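Line by line, the protein sequences give chains R and P. Last residue of the first sequence? That's 307 in full-length UniProt numbering, and every number before it is there in order. Last residue of the second sequence? That's 544 in full-length UniProt numbering, and every number before it is there in order.
It should be emphasised that the hints constitute simulated quantities derived from the structure, not laboratory data. Be a bit skeptical, because a hint or two may be false.
Claimed, not checked - Derived pair list, reagent style DSBU-like, types lysine-lysine, alpha-carbon separation capped at 30 Å:
#1 313(P) / 193(R)
#2 443(P) / 196(R)
#3 443(P) / 30(R)
Stated by the list, open to error - DEER-style ranges, computed between Cβ atoms:
#4 275(P) / 299(R): 49 to 55 Å
#5 65(P) / 44(R): 44 to 50 Å
#6 65(P) / 203(R): 20 to 26 Å
Quick caveat: nothing in here was measured; it's all calculated off a predicted structure. All C-beta atoms, glycine included, are put in the ideal place defined by N, C-alpha and C.
If you want the building blocks of each chain, they are given just below.
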Amino acid sequence: MSDMTHPTAAAKPPREHALAEAFLMLWRDKFAFLSACFLLLVVIAALFGPSLLPDQALQMNLRGRNAPPFELERGWLYILGADNMGRSLLARLVIGSRYTLMIAGSAVVLALVVGTILGLIAGYRQGRIATIILRGADILMSFPSLLLALIVLFVLAPSVGNVVLVLALSRVPVYLRTCRAEVLEIRERQFVKAAKVLGASHARIVFLHILPNVVPTLMTLATLEFAAVMLSESSLSFLGLGVQAPAVTWGLMVADGRGYLASAWWLSFWPGVAISLTAISANLMANWIRTATDPAQRWRLEKRTRA
Amino acid sequence: MTGHLLEVENLSVRFHSRGKIVDAVRSVSWHLDRGETLAILGESGSGKSVSASAVMGLIDTPPGEILSGSIRFDGRGILGLSAKDQRELNGRRIAMIFQDTLAALNPVHTLGHQISESMTAHGIPAERARTRAIELLARVGIPEPERRFNEYPHQFSGGQRQRVMIAAAIAMEPDVLIADEPTSALDVTVQAGILKLLKELQAENGMGILMITHDLGVVAEIADRVVVMSQGEVVEQGPLAEVLGAPRHAYTRRLLEAVPGRHGYPAARDLSSEALIEIRGLSKYYGVSAGVLKTPTGREIKALDDVSLTLNKGEVLGVVGESGSGKTTLVNTLLGLVDPTKGEVLYRGKSMLGPGNREIARNVQVVFQDPTASLNPRMKVGRIIAEPWAIHRGVLPRAEWPRRVAELLEQVGLRPEHADRYPHQFSGGQRQRIAIARALALKPEVIICDEAVSALDVSIQAQVIQLLKDLRRDHGLSYLFIAHDLPVVRDFADRTIVMQGGRIVESGITAEIFEHPRHPYTQKLLASRPVEERMRGHITEPAE
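Work out the full structure: start from the sequences and follow the hints.
Shown next, in the form of structure tokens:
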């Protein structure tokens, strides 16, 4: 009997223990650890940046127009240079992170949730409903997404909420199709058949047996989409349909600097770097999460591989 | 020691994987001569394929590492040959065939092209390769070789694909043919044909055959000498008759002991005549449609044709049939996954089919063939076993689940703490035990074993069958035991039913079926697997 109480005690570790374990697993994957640090930095900037640097991002300084980076004579805020109106690029990056993360994040999450639900339905329930969903996705995909955005934003008036809506709408088919393809494969696996034979309800089969096996793929896809959405947002802003000045996003900063590429590369470069680093970090983190949550893969993070 | 065609000496190979070091084979030595067949016999994980991979230069380093040993072919050392020299050897002098023919053939090329390629790759002009390929197809028994030359892999049956693979392998008239489980995926009657073909080809061109297999039946059928491997080491080797007739090593004895059908028939028991499952006139037809618009042609495929059977309480009923016999459709119908065209399935006199009969269906549980596929990889074992209670609320209060899971795990020979692990942390046999524990969770009266032991090694197979026997004794279970092969049911099933083409061709007491098969198909099935008779033959023969 002591045999039986022992493992159950070990099976439910205190919460702090689980957190420590997760941190150790993160520490062992150095790339993921760095990514986590960078993402944390970006999130902090988005949360507290605007209150720490309330005016600096908007303060014009016409003598410092297009000031080059790595010069400290104007103060540390100008370490990354200044834009065409002499505003500190560093301050603008910090301020811009809030809208960038908000728009890209909510658009990705919204598209992910809607796409996954529709994908699950289309994959699990074949027949008329699936056909309608899939043809809908085809139409959405064949329609130029920029044109769609123009129409929607023209009708609904440009606002952050509507930008998120449009961006999410145009990315839904990506998740939908991937999710459906995965579901089609997994629903034929024997453990699904075993659950059916036990009399499991459809909801149980879909959410307990199929979904957990689809999520890792979708997570990876979502982080890749994160960068794409940040750039789509910039093209909308460039056309004047996205975020309205004085608000700023990284994508808008890239677009603004486009005209000065030959004379002042840093205008587009720094926001571009911010976008790439965020996307890469998100991707590496997703990779780590996938490994850490897959029971068959977790050993890679649990003990060091001997060379 | 010279003069052997192929000689492996003292080979040790190690793999670095999953953060640990696995010694795949340790100091393995064997040799093969012209015109003889050497069988390497071993269960999964025994390292039986590793030395053959080394011969073909297929061991990737890293993760593999060849620690010691030498391989000589025709007197020349071939271990660590350059990629170019190895290519020169592979296919031309040493050829190989595999178990999974569909994976080994490229789906986008015609079979003819793939056979010709094995020749053109070694510098034979395309036109001559084509003529020779058609000759070869005819030789390995493919009808209408001219026409089928231009067909794709999916248009051939499993047995035919293996014949085509053999054709491609012998195209350059190699000195050595390595066959890695060539018949394991095939039906027994087809298997017999392939082994016969290999023997004929060997007689014609005098090649040496290295047969890698887990199947004693195949060894008994074809080998001249046997190497028995276990856990990376050769435990025994010698002429077939000696190894099978007078095994020296304990492992070989255990392996021979585990061969199904060596212990006679189950003792006649007093079977109750209380019918649990009754199937009456069950039929399932599939309409055949053709063309782009899928218009019904009026033709029908009869997957099940008027099948009737009764399973009594406490009985083990074996259902034997090869692929296409309708046994899978039978199981799916019983489980309510497929609606029958005609007929009924009764459980204690009440219909089991259709919605609303969930409570009745609870008494019939199933164990599937592939324990790896039938357990959700992202659920812990404890949750997998408790799932039936989560679905059928009210059977067992939630607080009782951990205790009951622990009990069930102990019943199937696992430990209570295993509840906290994931399926991938177990071996195939252990996973099947988990699946059995899940089937027992609702205290069913009947368990359908759908090829439940077919994917397991023989010794594991024997253990799982023993477990099923114990559970029957302790819980009064009845089994519907589906298998593709007769020997497995021989010492387990009280009665046996033989199916072919969707119909029952013969049924009766198991001993009757084996001793006096009446239907020609049953006779053919028995004749294609004379394992135990053949082995008995070797045992009585004087050692050479």
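Can you give the numbers of the hints that this structure goes against, from lowest to highest? Checked against the structure, the hints that fail are numbers 3 and 6, while the rest are satisfied.
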